[in-house]
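S.K.: Spelled out from the first residue to the last, the chains are:
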Amino acid sequence: MSLADSVLTGDRLSLARVLTQVENDTPDGRAALDALFPHTGKAHLIGVTGAPGTGKSSLVNQLALHFRKQNKRVAIVAVDPSSPFTGGAVLGDRVRMKDLSGDAGVFIRSMATRGSLGGLAQATAGVVQVFDAAGYDVIMIETVGAGQSEVDIARLAHTTLVVEAPGLGDDIQAIKAGILEIADILVVNKADRPGVENTEKALKSMLDMAHPTQRVYLHHGTPLVPSGHSPQVQRTWGEMEGGWIPPILKTVATEGKGIAELIEQIEKHAAHLHVSGDWAARERARLESELEAALQETLMSQFRERVSDQQYNEVMRQVFERSLSPGEAVKKLTNGRAK
Amino acid sequence: MTDKKIRVLVAKPGLDGHDRGAKVVARALRDAGMEVIYTGLRQTPEMIAEAALQEDVDVVGLSILSGAHMALAPRIMELLKANGQTHVKVFIGGIVPDEDIPRLMEIGITGVYGPGASTEDIVKEIRSAIKGK
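Which chain is which? The protein sequence lines are A and B, in order.
Using the working numbering, you'd call the opening residue of the first sequence number 48 and step up by one each time.
Using the working numbering, you'd call the opening residue of the second sequence number 28 and step up by one each time.
Hints listed in this document are in silico derivations from the structure and should not be mistaken for laboratory results.
Please note that a few of the clues may not be correct.
[Unchecked claim] Calculated pairs, SDA-like style, for lysine to any residue (alpha carbon to alpha carbon, straight line, at most 25 angstroms):
1. B:Lys50 / A:Gly100
2. B:Lys31 / A:Asp58
3. B:Lys50 / B:Ala109
4. B:Lys158 / A:Thr73
All chains should be built: construct the whole structure from the sequences, respecting the hints.
M.R.: In structure tokens form, the structure reads like this:
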């Protein structure tokens, strides 16, 4: 029986080994991904991102406990950064996930970014596919502590949670340009801390800016969402118009507060994706970018086989001397076949 | 693409709450280019074996300052074996009387380090233990 077959039968050791093979991008890992691919596409992929110290791991821990109460099998992929200098890493997300130990319905895997910059590791998508094929119903992907442009998670996940915490103050300003835009659900964690109202207010006003369409929709001539709207009104609006306005939820992950409401919103979002057809659209976009990445890699290695280092270096020398533009160089290296 | 990284689980079994040493070692292994999964305090042998399985580690480093190593280490070795992880090299750091070391080696522990051990030695010995497997 191949490793991939053992994964399908639920063998945890084989699963762990395949994850390593996929992470190391070995030929065995690639073969396993090929074999497992037809079995993927069933899991709900939930991304959890946000600045360091906002409580992502604790939140994932709580969410997993709740999903387990619904008898869903849960996989967690926790990504932490690799050192740019040594390539080493300390992966500490498990420290906050002790409650999940001893439950055979939960599988936690820590990953180092290994030089990847988008908040995930190169192999995270592959690791998620393996969990999907292995029959996990919910796969939570926790990104590195992310600030502005670590938005790869939005391409991978169906539902993206962006976690904030009070007291990060002016950081809100810096954060909102990039990462808040990818949020399907905004979570203000550590909501027992002072300053929670300010954080919530800042997020609300950001949402008004990020979703200008909100003001365009009129109901019998009056705006459906009045200014100073409550999150409840937002949600109702989102369902009625078939759009999705990210709700803002307050949680205290260490005490389990607000988690049931958060789960409810996650499920609503999944339902919304199915009804609106966005689920399929997101799947398609993700698979297309995967196909493109694989194609690029293969074409590049085919090209490298055809062109000798000497030829390549010679053309590169001319580019360096400014006697050939990069565009002309490509034409020369591909014998004029490139456009 | 990426070469094979050495993955190490650094765990604190038992009830003592002193993890400075474990963190120093974790940091040193990180600086040596390894990927260190840190579990935090008060882990049962079952939790450690499960984490070692899920993370598919090459090495488990146990930090034990409570004196309970002769109870904890054999149990962890048993569980690793039961999970099919016989290839995993297990190291112990902490307060271990010299007379206990031969017995620990007998049950398959690869190395034991007391106070004053150099992190360089630990890194070196982990590397050679992995190579030899």
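S.K.: For every hint, state whether the structure bears it out.
M.R.: Hints, one by one, checked against the model:
Between Lys50 of chain B and Gly100 of chain A the CA atoms are separated by roughly 18 angstroms; this keeps the pair inside 25 angstroms, and the hint holds. The straight-line distance between the Cα atoms of Lys31 of chain B and Asp58 of chain A is roughly 23 angstroms, inside the 25 angstroms bound, and the hint therefore holds. Between Lys50 of chain B and Ala109 of chain B the CA atoms are separated by roughly 28 angstroms; this puts the pair beyond 25 angstroms, and the hint is violated. At roughly 19 angstroms between alpha-carbon atoms, Lys158 of chain B and Thr73 of chain A fall within 25 angstroms of each other, so this suggested pair holds.
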